[in-house]
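Participant: For reference, the chains in residue letters:
Number of protein chains: 2
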Amino acid sequence: MAKNSFPLPKVYGLLEPGPVVLVTTAGKDGANIMTQSWHTMIEFEPPLVGCVISNRNHSFDILKATKECVINIPTVELAEKVVGCGNTSGRNIDKFKHFGLTPVAASCVQAPLIDECYASLECKVVDGKMVTRYNFFILEVLKAWIDPSMKHPRTIHHLGKGAFMVAGKTIKLPSRMK
Amino acid sequence: MAKNSFPLPKVYGLLEPGPVVLVTTAGKDGANIMTQSWHTMIEFEPPLVGCVISNRNHSFDILKATKECVINIPTVELAEKVVGCGNTSGRNIDKFKHFGLTPVAASCVQAPLIDECYASLECKVVDGKMVTRYNFFILEVLKAWIDPSMKHPRTIHHLGKGAFMVAGKTIKLPSRMK
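Line by line, the protein sequences give chains W and L.
Letter by letter, the first sequence follows residues 37 to 214 in our numbering.
Letter by letter, the second sequence follows residues 37 to 214 in our numbering.
What you were told as hints is all true, and nothing was included just to trick you.
When chains are identical, the list treats them as one kind, so a pair holds in a single copy or across two.
Dumping the calculated DSSO-like pairs for lysine-lysine here, alpha-carbon to alpha-carbon at most 30 angstroms:
#1 Lys179 x Lys197
#2 Lys117 x Lys64
#3 Lys64 x Lys160
#4 Lys160 x Lys117
Keep in mind that the hints were calculated from the coordinates and are not lab data.
As the structure is a computational prediction, the values presented were derived from the model and not from experiment.
Modelling step: build the complete structure from the supplied sequences, incorporating the hints.
Facilitator: Shown next, in the form of structure tokens:
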């Protein structure tokens with residue numbers, strides 16, 4: 037999927053609606069993918085993202101060691117692979133191979149982008165003080181990529197236990213909010 | 037709107053999809069409402085929510101002083117009022133009166149529920165260590181309420197600058213994820 041560089045001050049608009057994301061990391065035993073929904077914007081610019089990665093997950097150890105990851109945003113077409121990545125562990129399988137996802141080299145971090153996702157955010161950990169207590173990492177987005185042809189991405193939003201809300205129509209109201 | 041008590045272990049399913057919320061607080065000059073999208077689940081049980089409330093907002097001072105708030109979840113029918121609450125400040129107006137929203141007494145906190153919202157989460161601040169640096173509050177949900185008749189709430193999800201994605205259809209996939 038051909039992607040353009042995406043302006044960092046606009047990144048909040050990608051994560052603020054709360055999509056399920058696929059977090060990629062690259063450890064010494066290869067790259068991994070983790071399905072994740074517990075994230076929030078923390079700051080507009082530079083864009084900071086707060087993200088819970090449980091210490092029960094393989095990705096936790098890699099992220100803690102490498103301090104780098106990529107947040108990839110899938111659309112509904114990838115829903116089965118998203119759930120597949122959530123049901124399995126990178127300790128046992130290579131999720132890229134197993135689910136037929138394509139790693140693409142990032143520009144600022146070792147972790148790969150997922151080619152099939154419509155947007156990808158290259159991140160580094162900038163604050164790990166909340167990791168021990170809450171598994172909560174503060175990430176700075178260093179570089180963002182987006183498929184410019186995707187005008188209305190049908191992102192998926194986890195409602196629990198495999199139920200997902202699929203992004204519906206967009207409305208516009210006169211707002212002074214950023 | 038008649039609401040039932042909602043089990044705390046299920047609260048994550050309300051916030052995980054990333055809806056815009058209306059955070060209510062009660063200060064010495066009365067109750068206030070703030071439109072907010074920067075929140076994430078932090079823990080399932082007891083449910084912990086991380087929430088950015090900017091120190092530029094009137095609600096910041098009240099939340100910091102009282103350590104209590106309610107997270108109310110609106111649906112698309114309230115979109116204009118949601119934007120209105122985001123465009124105005126509680127320093128100048130009584131938002132409940134101005135936007136015709138109805139405060140209802142909560143059971144565990146002084147901040148009111150918003151009757152017109154389909155779900156409300158009574159919260160207290162349990163960790164303020166990230167407030168100075170990130171305006172980030174860790175809240176514990178003490179009590180949750182939901183309108184049991186609302187099977188497919190059309191929540192709204194902020195895309196930036198007054199554009200909102202409206203919750204679309206729900207899909208279900210075989211998942212082992214909580």
